[in-house]
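With chain A fixed as given, assemble chain B onto it according to the hints.
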Amino acid sequence: MSAADPTPLLSVKDLVVEFSTRYGPVRAVDNVSFDIYPNETVGIVGESGCGKTVTGLTLLRLIPSPPGRIVQGSITFQGKDLTRLSEKQMQALRGAEISMIFQEPMTALNPVFTVGNQMIDILRRHKGLTRSQARQEAIAMLDRVGIPVPKKRIDEYPHQLSGGMRQRVMIAMALSCDPKLLVADEPTTALDVTTQAQVMEQIVKLQDEFDMSMILVTHDLGVVAESCDRAIVMYCGSIIETAAIGDLFERPRHPYTKGLLQSIPRIREEKLAQLPIIPGMVPDLLHLPDGCRFADRCSRVTDECRRAKPPLETDPLTGRGVACYHPVP
Amino acid sequence: METFQYAIRKLIGGIPLVLGVTFISFLLMVYFGPDKTYELLGKNPTEEQIAEIRHELGYDKPFLVRYGDYLKQMVTLDFGSSDSTGEPVSKILARTVPISLALITPGFILGNVLGIILALIAAYHRSGFIDKFIMGFAVVGMSISFLIVVIAFQIIFSSSYGLNAFPVRGWNASSFIEYLRYITVPTLSTVFVALGYNTRFYRAVLVEEMTRDHVRTAKAFGTRPGKLLYKNILKNSLIPIITRIMFSIPLVIVSGSLIIESYFGIPGIGKVTFDAITTGDQPVLKAVVGLTAVLFVLTLLLTDILYRVVDPRVSLK
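Residue numbers (numbering that gives the first Met the number 0), protein chains in the order written: chain A, 0 to 328; chain B, 0 to 316.
Here chain A stands alone, though its shape is the one from the complex:
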């Protein structure tokens, strides 16, 4: 992708996000840089607390502030640095240029307003439509995301819809103003498995139709494998590996990525006595080691790893990068 289209839609450079806590500042996102190209789907993968959701929220400047703040770095979207925009400019951009889908469809919609009311608000806000035009638009959008009888559903409240249906409403809201970039934060995690597949399929299909880029924040490597072009693996607030999806799954280079992939249960292969696990625990974000943050859990660790944090070295040709002194060959 990167070779085909050299101008990224979104370019994040050296982004640092800190949260001030009682015990001192915690760096949730530490020097993260990545590019998203038009029409590309990029997965941000990692376990809970690795900073993937904060990264997603920061793109829209939605981190609660205080306690959170962007310490340094830039987020360039269509030539504008989002970290320098005023709050007002950001508001005009949210939902219109960059949209977000959230994890919890149960709580992410406002329970006391109808689905239509919430959708119409967004359409009127960004497209300046009249109420009846916006309503027509909203019905059409609900139809496109695969909601049956949208004319009836539009006047229902979120609690009258199933989880999958609610997530479809979220998607309809997110896409209603033709965004260039969609940030989907664990869009299917709260759904049951069959619904997950349907909703994911719908998102991917609509992404093509709407001609937009997508950042898929998830811990579900299966979802990433199925729907992403490229993946960014995060650990303790930093990117440790980034690669095209095929390369990542076939030949993971960072020991952490490798460990993650090995710990996916495989149904078709012969039964293992025990699923391989990554030993140890994620270090406390308040007391991070000087060296590689994965060092304590890594089988390939050397003294060098403990001295200084390995930088992310990216191959300019393939776009593949790994932050490790001793990557898996």
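If you're looking for bench data, these hints aren't it; they were derived computationally from the structure.
Just so it is clear, CB atoms sit at the ideal spot from N, CA and C, and this is done for glycine as well.
Any given hint might turn out to be false.
Below, in silico cross-link-like pairs of lysine to aspartate or glutamate (EDC-like), each with a Cα-Cα straight-line distance of 20 Å or less [what the hints assert, rightly or not]:
#1 B:Lys234 with B:Asp303
#2 B:Lys226 with A:Glu86
#3 A:Lys12 with A:Glu312
#4 B:Lys230 with A:Glu155
#5 B:Lys234 with A:Asp154
Selected chain B positions facing chain A (in silico; Cβ < 7 Å) [as the list claims (entries may be wrong)]:
#6 Gly19
#7 His213
#8 Thr216
#9 Phe220
#10 Arg223
#11 Gly225
#12 Lys234
#13 Arg243
#14 Asp310
#15 Ser314
Positioned in the frame of chain A, the structure of chain B alone reads:
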């Protein structure tokens, strides 16, 4: 229609509640309450005289019959005449309740409306200077005793040490201007005190709502902060707000007016109740306690209906 049926069902469901409350109040205030027999008799009464008076007062009837009589009085709103003045209780109520309502309503509404507005402003500027200023003011209002506030305001507004612009005590509603003059100081005192509690409570409710996921969603779709506050957050916070307002109505009408009316010498229902308690005026007490219970039940009913109006998830089943 659905709401109407719900209201009827709730009203019927409220009957046992009214019975329970009136039963307890009957037990405490009438059955075990002050015995007027010896007040009405002279010195050294004979057994016959005592029995005669007790019969006249109905004290010799069985318990359930007396409770039944009380309920009948409640339904017909005929509580007999006041023991101390001889005036029919229904007349006393008709004379004093409107005064109390006229006295309390402006302060009650202002206290809540201003409370919500200040809470919205404070919540919007959460942990900023304006928030701290408003909350500081609220704490001051809460911390000063109502009595001190009343006296201070009387000095400031109604005495020659201060503005001397309003009457200190009494009541005159012969014209609208007079009415305003007489309610100004009581209203200011109640608002000053109530505002502190209300603002703190409403701010807490609003701030809690602000941390909800749906607020983040609305933000993520570019909703402007003002709209976010008055549309999304305020409507979602209405359930606790309604609860607080509705539940304070019976309390404000009875005990709220009791305090203000005795400080400002206003002849409202609070004053009448206060006098009835101190003199043991049973007919008046029966009426006040019974009607307060009914008022509570009605408020509960109205609260339940309002919940439904505000929150579609509340079912009317």
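Original post:
What hints, given by number in increasing order, does this structure fail?
Top reply: 6, 11, 13, 15
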